[in-house]
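Student: If you want the building blocks of each chain, they are given just below.
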Amino acid sequence: MFGRLTLDAFKHEPSQNSAVFMMVLTGIALIGLISYLKRWKWLWREWLTTVDPKRIGLMYIFVALLNFMKGFSDALMMRLQQALSVGDSQGFISAHHFQEVFSAHGTTMIFFVGMGVVFGLMNLIIPLQIGARDVAYPFLNAVGFWLFASGAMLTFISLAIGKFSAAGWLSYPPLSGLEYSPSEGVDYWIWMLQIAGVGSTLSGINFLVTILKMRCPGMTLMKMPIFVWSGLCAMVLVIFAFPILTATLYMLTLDRYLDMHFFTASGGGNPMMYVNLIWAWGHPEVYILILPIFGVFSEVVPTFSEKRLFGYVSMIWALVAITVLSFLVWLHHFFTMGASPHVNVVFAFMTMLIAIPTGVKIFNWLFTKFQGRVHFTSPMLWFFAFVLNFTVGGMTGILLSSPPADFQFHNSLFLIAHFHGMVIGGMLFGFFAGFTYWFPKFTGFFLDEKLNRYAFWCWMSGFLLAFMPLYMLGFMGATRRLDHYEASTGWHPLFVLAGIGALIILCGASIQFFGLFWSIFHRKKLWDHSGGDPWNGRTLEWSIPSPPPIYNFAIVPTVNQIDPFWAIKRGEAPPVEKKYEDIHLPKNTPFGLYIGVLTMFFGFAMTWYIWWLAIISFVSIIVCLIIRLSEKNEHDIIPAEKVKEMEAEHVRGPEAV
Amino acid sequence: MQKPIKPVFYMLLFTGLILLVIFLMQPFAIFKFYGDIDVLFPKGIIGLEERNLFLIVQALMLLVIIPVYILTFVFSWKYNANNPKGKYDPDLVDNSVAEYLWWGIPLVMTLIIAALTWFKTYQLDPYKPIDTNKKEMKIQVVALQWKWLFIYPEEQIASLNFMQFPKQTPLHFEITADAPMNSLWIPEMGGQIYAMPRMRTELHLIADEVGDFRGVSANISGEGFAGMHFIARASTDEDYHQWLSSAKQSSKLLNFEEYEKLAAPSKNNPVEIFQLKDENLFNQIIKKYMHPKE
Chain A
34 MFGRLTLDAF KHEPSQNSAV FMMVLTGIAL IGLISYLKRW KWLWREWLTT
84 VDPKRIGLMY IFVALLNFMK GFSDALMMRL QQALSVGDSQ GFISAHHFQE
134 VFSAHGTTMI FFVGMGVVFG LMNLIIPLQI GARDVAYPFL NAVGFWLFAS
184 GAMLTFISLA IGKFSAAGWL SYPPLSGLEY SPSEGVDYWI WMLQIAGVGS
234 TLSGINFLVT ILKMRCPGMT LMKMPIFVWS GLCAMVLVIF AFPILTATLY
284 MLTLDRYLDM HFFTASGGGN PMMYVNLIWA WGHPEVYILI LPIFGVFSEV
334 VPTFSEKRLF GYVSMIWALV AITVLSFLVW LHHFFTMGAS PHVNVVFAFM
384 TMLIAIPTGV KIFNWLFTKF QGRVHFTSPM LWFFAFVLNF TVGGMTGILL
434 SSPPADFQFH NSLFLIAHFH GMVIGGMLFG FFAGFTYWFP KFTGFFLDEK
484 LNRYAFWCWM SGFLLAFMPL YMLGFMGATR RLDHYEASTG WHPLFVLAGI
534 GALIILCGAS IQFFGLFWSI FHRKKLWDHS GGDPWNGRTL EWSIPSPPPI
584 YNFAIVPTVN QIDPFWAIKR GEAPPVEKKY EDIHLPKNTP FGLYIGVLTM
634 FFGFAMTWYI WWLAIISFVS IIVCLIIRLS EKNEHDIIPA EKVKEMEAEH
684 VRGPEAV
Chain B
1245 MQKPIKPVFY MLLFTGLILL VIFLMQPFAI FKFYGDIDVL FPKGIIGLEE
1295 RNLFLIVQAL MLLVIIPVYI LTFVFSWKYN ANNPKGKYDP DLVDNSVAEY
1345 LWWGIPLVMT LIIAALTWFK TYQLDPYKPI DTNKKEMKIQ VVALQWKWLF
1395 IYPEEQIASL NFMQFPKQTP LHFEITADAP MNSLWIPEMG GQIYAMPRMR
1445 TELHLIADEV GDFRGVSANI SGEGFAGMHF IARASTDEDY HQWLSSAKQS
1495 SKLLNFEEYE KLAAPSKNNP VEIFQLKDEN LFNQIIKKYM HPKE
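Chain order of the listed sequences is A and B. Under the numbering used here, the residues of the first sequence are numbered 34 to 690, in order. Under the numbering used here, the residues of the second sequence are numbered 1245 to 1538, in order.
I should point out that these hints are in silico values taken from the structure, not numbers from a laboratory. For clarity, every value in this text was computed on a predicted model and none was experimentally measured. From the three backbone atoms N, C-alpha and C, an ideal C-beta is built for every residue, glycine too. One or more hints might be untrue.
Stated by the list, open to error - Not everything, but these chain B residues come out facing chain A in the computed CB check (under 8 angstroms):
(1) L1257
(2) I1262
(3) R1442
Claimed, not checked - BS3-like cross-link-like pairs, simulated, lysine-lysine; straight-line CA separation at most 25 angstroms:
(4) K44(A) x K611(A)
(5) K196(A) x K44(A)
(6) K1411(B) x K1532(B)
(7) K1331(B) x K1372(B)
(8) K1322(B) x K483(A)
(9) K196(A) x K1511(B)
(10) K87(A) x K256(A)
(11) K1531(B) x K1505(B)
(12) K1511(B) x K602(A)
Claimed, not checked - Stretch-level coverage of chain B by chain A, calculated; a stretch enters the list once three of its residues show a Cβ under 8 angstroms from a Cβ in chain A:
(13) 1316–1328
(14) 1402–1416
(15) 1492–1503
(16) 1517–1526
Could you build the full structure based on these sequences and the hints that come with them?
Tutor: Next up, the structure:
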């Protein structure tokens, strides 16, 4: 009846039990709170069934935030274990559990925090910046989100029921094969990635088409804001890279479920094929995460320098160059495989080429400040930290891309310090900049600037303290993923230092979290009274009220240059003519949510070999799709009169919220 | 928007402090932990070459990064909105000379680094024998769950989690795994190479000095992975021969049947020395994967 699911699946180590307990408690508290406030109907109508990209974007970021808490607890556990587990002491968790923790940390942070943040920003910003009222495929977009959310839910379920994979975040075979990992952990990993990955592909298609087909009149490709360009490049990467992941995971699934031998050495399969395939997806994935952040800074820096972006065309070519090159470098993740120098040298060269467009971007941003008026708001502080950390990360990246040097750094903590420098110092700091920058647009009030600054300094110093020692540990020959080491190695003081750094980051993250609630409670004081343009913005999203009405633009703008809103403000372009029209918008639909929940059941059933549930949920997904696709009346019409009323009403104060 | 308080100042102070601490700490740290910083102070020519490449590339990269740092601070300072002296020109959006310059400079730097890498990649190819007049020594390495087996086919011995060899003698490793993939790394001697089931990879290393070097497994291979390290002992010729003759007296014999017992998963294994009774053991281990399992 329940496949491989037995009562044993609920037995865990104490540290995990407390996490499960906290999770269940939080869940009950949330349900209680919603019931107490009688918000279930509101939740259903406004959020769960919505197809509005603004709402979906916020939900992406909410899910990413939940996962960040989990991924960050994992990180703290690793730091604690490595600070404690030296010599005779074995630390506070077992080796196997430690391996689950770092596998979960990587999986969570990349797939459910990184991707969540990227698609969250895409949903929120892209339609507004291209002057569109909606995305190209609103339902597809909703399905994409719900698949992402159901994958994320599976990570939480795996915490409570059964074990997670202990094979690292990329699960190289043969370790991830049935022979060495017979339990359900790798299956959980496969299905949560498979589900979230399909969701990403769908969302990628939606945004590619949105950007190509939904731009307002006059906005040619070379007049798009850089954030949209970066989104376009990232979505091209999503569409080309994620099918590789899907195919690779299917082959691993077949190996594990049907005893095939794609990657099993003893059956004529080749595990190294998996390593190639997973990085053919994995390297573009890194750029899927970072390209939109380049876009964010290309919006933030000019706005707070009161200047246009320096070298707009250069910037676009740099983005495109990175997009193309990112598919040609995957082998640099395993120079140590024993390929001949002919092979290694080509990939080393390709990797180094990426440094050129990336360097160009840094110079363009710097020279945007040149002869500008730089305002040091917190987004600019994040940019500052970004430049300092990202250049160091870039330098160590070049070092790693040189095969002979890589032989001494591969899989050492030097590598860990490098990519955390890129992902935290690059992606996460960039997201914080973007989040602070666009927050008033979607809520109507600011985040508390003072708390932002405190958080910033904690993050910055905590990050340096947590990761600079890792470079040194790499030099000392410390490899990644160690749950224990001998005292004679001399690593202990540096691991303790890194642990302290992680605690300072915890302070920073807590201040941000607190700051979010603080700002919500004090929103009247922090209200943005500028009518939707608090930062003297340049692009179309600042030309409409905040928070934007459901239809975004009452009048679809016409654009004839880069930075159209800035042009209007400077008198270089005519102001928008107020002529209202009927607006068609897609109706809410619960089928995205249904499909998400059913997929979660499907993933869970497949993980535990509960075949009847897998079949039922799979058939139900198909039925849901058929019902939804045969609906005739998908649109609501907002008449012109109503639009006029809504626009008048939108000039309002904090009392209305 | 709240008025910003001099953040550039803070940032400058902060970065300055960190740099100061790093610069002051560095001589101390290197003096104190000299023996532990294996990658920067290697004991073999291969490791040394790899270290030197690292230092050269690092220096070249710093030529670009330091100006970027300086520009970051100068521009933030000079064009701060609170600084009335900064010129303001909102329409300065391109300058072809400047842009050629920063497409060009990284391109030139990259080409220099790439050329150097090209040359060094061939020179330091792990499959390339080391050019000395001494005859190289062959050691076959098998990554197991969770221990390293070293087979000396010419000397007819084998050892577990320990290997000894004379200094200044080129070592030729042949590497495979009879377990999840792993990676053989002796940081003080030089770079690593993967150990994979059914595959045979090669690595050439040499130790210039006498010493005990820590060998590690650099790729996650399952539960006992953290305890899977070994000692690589470079000794004088006499010490080596002494060890060799005592090893040949070992009461433990290693043939394929004994090997199968040894290969069963175990953690934190102590050092063991065997007499090798099957010269072809290494090939047989690879062959295990050449036909489907029953």
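Student: Each of the hints needs a verdict: does it hold here or not?
Tutor: Hints, one by one, checked against the model:
1. Taking 8 angstroms as the C-beta contact cut-off toward chain A, the hint placing L1257(B) at the interface is violated, the least distance being around 11 angstroms.
2. Interface hint at I1262(B): satisfied, since its Cβ lies 6 angstroms from the closest Cβ of chain A, which is below the 8 angstroms cut-off.
3. For the restraint placing R1442(B) at the interface with chain A, the shortest Cβ-Cβ distance is roughly 4 angstroms, inside the 8 angstroms limit, so the hint holds.
4. Under the criterion of a C-alpha separation no larger than 25 angstroms, the hint pairing K44(A) with K611(A) is inconsistent with the structure, at around 64 angstroms.
5. Among the hinted pairs, K196(A) with K44(A) is consistent with the structure: their alpha-carbon atoms are about 10 angstroms apart, no more than 25 angstroms.
6. Restraint check for K1411(B) and K1532(B): not satisfied, since their Cα atoms lie roughly 34 angstroms apart, outside the 25 angstroms limit.
7. Between K1331(B) and K1372(B), the direct Cα distance comes to roughly 59 angstroms. Violation of the 25 angstroms bound is thereby established for this hinted pair.
8. At most 25 angstroms may separate the alpha-carbon atoms for a hinted pair to count; K1322(B) and K483(A) meet this at roughly 24 angstroms.
9. Proximity of K196(A) to K1511(B) is assessed by CA-CA distance (about 22 angstroms); at most 25 angstroms being required, the pair is judged to hold.
10. The straight-line distance between the Cα atoms of K87(A) and K256(A) is roughly 23 angstroms, inside the 25 angstroms bound, and the hint therefore holds.
11. Annotation: proposed proximity of K1531(B) to K1505(B) holds, straight-line Cα distance about 17 angstroms (limit 25 angstroms).
12. Pair hint K1511(B) plus K602(A) does not hold up; C-alpha atoms about 70 angstroms apart against a cutoff of 25 angstroms.
13. For the region 1316–1328 of chain B, the stated coverage by chain A is satisfied: 6 residues place a CB nearer than 8 angstroms to a CB of that chain, which reaches the threshold of 3.
14. Residues of the region 1402–1416 of chain B lying with their CB closer than 8 angstroms to a CB of chain A number 0, which falls below the three-residue condition for coverage.
15. A stretch counts as covered by a chain when three or more of its residues have a beta carbon under 8 angstroms from one of that chain; for the region 1492–1503 of chain B and chain A the count is 0, and the coverage is violated.
16. Coverage of the region 1517–1526 of chain B by chain A is violated [criterion: at least 3 residues with CB-CB distance below 8 angstroms; count 0].
Checked against the numbered hints given earlier, this structure breaks hints 1, 4, 6, 7, 12, 14, 15, 16; the rest are met.
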